[in-house]
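Enquirer: Here the structure of chain A is known, so what remains is to put chain B in place on it, guided by the hints.
Going down the list, the protein sequences come from chains A and B.
Start counting the first sequence at 1; every next residue gets the next number (the working numbering).
Start counting the second sequence at 1001; every next residue gets the next number (the working numbering).
Keep in mind that the hints were calculated from the coordinates and are not lab data.
Please read all numbers here as calculations on a predicted model, not as lab measurements.
Ideal Cβ placement from N, Cα and C applies to all residues, glycine included.
A portion of the hints provided could be inaccurate.
Said to hold, decoys possible - Computed Cβ-Cβ distance ranges for the label pairs, DEER-style:
hint, chain 1, residue 1, chain 2, residue 2, range
1, A, 410, B, 1045, 30 to 40 Å
2, A, 348, B, 1045, 36 to 46 Å
3, A, 380, B, 1106, 18 to 28 Å
4, B, 1071, A, 378, 22 to 32 Å
5, B, 1071, A, 332, 53 to 63 Å
6, A, 518, B, 1106, 36 to 46 Å
7, B, 1071, A, 511, 48 to 58 Å
8, A, 304, B, 1045, 46 to 56 Å
Unchecked claim - Derived contacts from chain B toward chain A, CB cut-off under 8 Å, selection only:
hint, residue
9, 1012
10, 1015
11, 1027
12, 1104
13, 1106
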Amino acid sequence: MIKKEFRDSGIDIVGKVPWGTHFCQFYRTQKDLSDVLVRYFKAGLENNEFCVWVTSEFLTREDALKSLKKVIPRIEQYLKKGQMEIFPYTDWYLKQGKFEMKRVLKMWVNKHNEGLKKGFAGLRVSGNPFWIDNKKDWDDFASYEAEINRVIGPYKLLVLCTYSLEKCSADEVIDVVTNHQFALIRRRGKLELIKSAEQKKAEEEIAHLASFPELNINPIVEINIPGEVMYANPASKKLFPGIKEEGIKHTALLGINPGSTKKSGPLIREIPLGDKWYRQAIIYVPEADSVRIYNNDITDRKKLEQLKDEFLGVASHELKTPVTSIKAYTQILRKIFYDKGDIRSAEMLGKMEAQVNRIIGLIADLLDITKIQTGKMQFNYKYFDFNEMIDEVSEDVQRISPQHEIIKELARTKTIYGDRERLGQVITNFLTNAIKYSPKNDRVILKTVVDDKKVTLSVRDFGMGIPEEKRQKVFERFYRVETTGERTPTGLGLGLYISSEIIKRHQGKIGVKSNTGKGSTFYFVVPLKPVQK
Amino acid sequence: MTKKKVMIIEDDEGITDVLRTVIEMYGYEVVVAGDNSIIEDVQNSLPDLLLMDVWMKECDGRKTCRHLKNQADTKHIPIIMVSATRDLIKSARDSGADDFLEKPFEIEDLVGKIQKLI
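The following block holds chain A by itself, in its conformation from the complex (with noise of 0.2 Å):
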């Protein structure tokens, strides 16, 4: 359905009508006749349509001119210049003789293309078939009427017939009416629009449906493959400024690639837009071929995220600094009780150190967090031995991890270039996890496999696993995999987060296989050598 373009009627109680409007009006006398005609060609001429009236012998070439003229003083400018043509009607549906369908549609269409081609906004006609005087005429005609009801959707062209009440029989009325989208007539005094109650209540129906986007407060856009806007309502013309001028070159809607969505489907995004920030639903509408917007304002819930990772920041800073002299303190008194011989003493403060090192990696993480969220995590590329690192942190881990052994199967990886202690932070990540969620069992296998251009390392365990509508998630920020029986999940649910936006930044892959009950392998793929962007 193309956008619906408004016109002029000229008559009060029609209004504004669209392009492809065919409607009718059932008069009495010459008065009723000329006073609405006149009007709606008024219009018409004001707007710069093109207007063509059939006349009749009811209401000839001369009393139109002559009506006209009464109220349009301008209108031999107008015939002068081609912009409204009047024809009797042997000159139009009885050319040649007899009323044939296909000729006169054609007429219209080639009077349509005519008056685009001269630069007029469309076509506004009136025919009067007051010459039918039969019923083989009648019949062919109405069979006319429902054929430009059927057709004349895509031009932009205004019809109004106009019918004698007299001359119409009963069952010729609702001929007419059948077959216009309403009709006028004169009734007690005054002007009538009939329609059926039908479409009326139709009418009243889709008012209702329009009124929900039209009321939202949130911006609703819809553009066509093109870009350009099909509909902006009340809230994204306040909003978004221009956007009905500017379609999809509008900063509310850059980025987006209506061709693309019909073939990927919704797409969620948020954007920044002046000093606020919008969460959009781009979805793609195929019974009209055209992309919905859907925006909601999400700057409160935006400025509250960065006051809270601007907070996490500076208390992660902050507790860094009392942590570090207790640490260091911890270290002190465990080298002086072992250096007096009281290794008990020693030992517990060795347990002590493992706490401490434990708040610290929780703060590292809230840390990396926000460093993430507000784009300011580092890396620090280079080239360095993959399995050096690998036996490095393995072995640390190792060591904290009695328990389980960590069995490893490394490929021959030369170098390669990243970032050596963040990919080390992915691999303990991976590690701490697996015994984490393994405690009954005590297999971990850290394997690596490479060709010319990529990495491959995976960690397995043989645990819980994890059911697979978590899968995706065990990725997001705060999620933690519930473990069955008695130890609550320890962590903040962030290393894996951080750890796969460390192997995003390497332009790699991260995921993990797994099988609830018998284990999980998580891996990530990595290039040799990535290119920095």
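Expert: The following block gives chain B in isolation, referenced to the frame of chain A:
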């Protein structure tokens, strides 16, 4: 044999205390610079090594480090920068420091780095 002198440039008392405890335990003499007189104190005391925090309230450790490394009478003094964030290590490197230590640290790492330089 006179003990080697390590000067601590740090504005947090807790950290200063624990650094002093560790470093003295390993046989060094410790002096602490005043917050507002760092350059003068270094010049007057001429320690064998400086342990300097990157971020202090009154001054920027990196700037101070660069200054000392450019000054004729102090540029020979090795400097270990101490930082709370890994990300500052690169910029600390650019200011000419000889080594860095990330907080929180292992006392063995701290002592090892000092021993390597003096």
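Enquirer: Hint by hint, say whether it matches the structure.
Expert: Right, here's what the structure says about each hint:
no., hint, in the structure
1, A:410 - B:1045: 30 to 40 Å, "violated, 51 Å"
2, A:348 - B:1045: 36 to 46 Å, "holds, 39 Å"
3, A:380 - B:1106: 18 to 28 Å, "holds, 21 Å"
4, B:1071 - A:378: 22 to 32 Å, "holds, 30 Å"
5, B:1071 - A:332: 53 to 63 Å, "violated, 34 Å"
6, A:518 - B:1106: 36 to 46 Å, "holds, 39 Å"
7, B:1071 - A:511: 48 to 58 Å, "holds, 55 Å"
8, A:304 - B:1045: 46 to 56 Å, "holds, 50 Å"
9, 1012, "holds, 6 Å"
10, 1015, "holds, 6 Å"
11, 1027, "violated, 14 Å"
12, 1104, "holds, 4 Å"
13, 1106, "holds, 7 Å"
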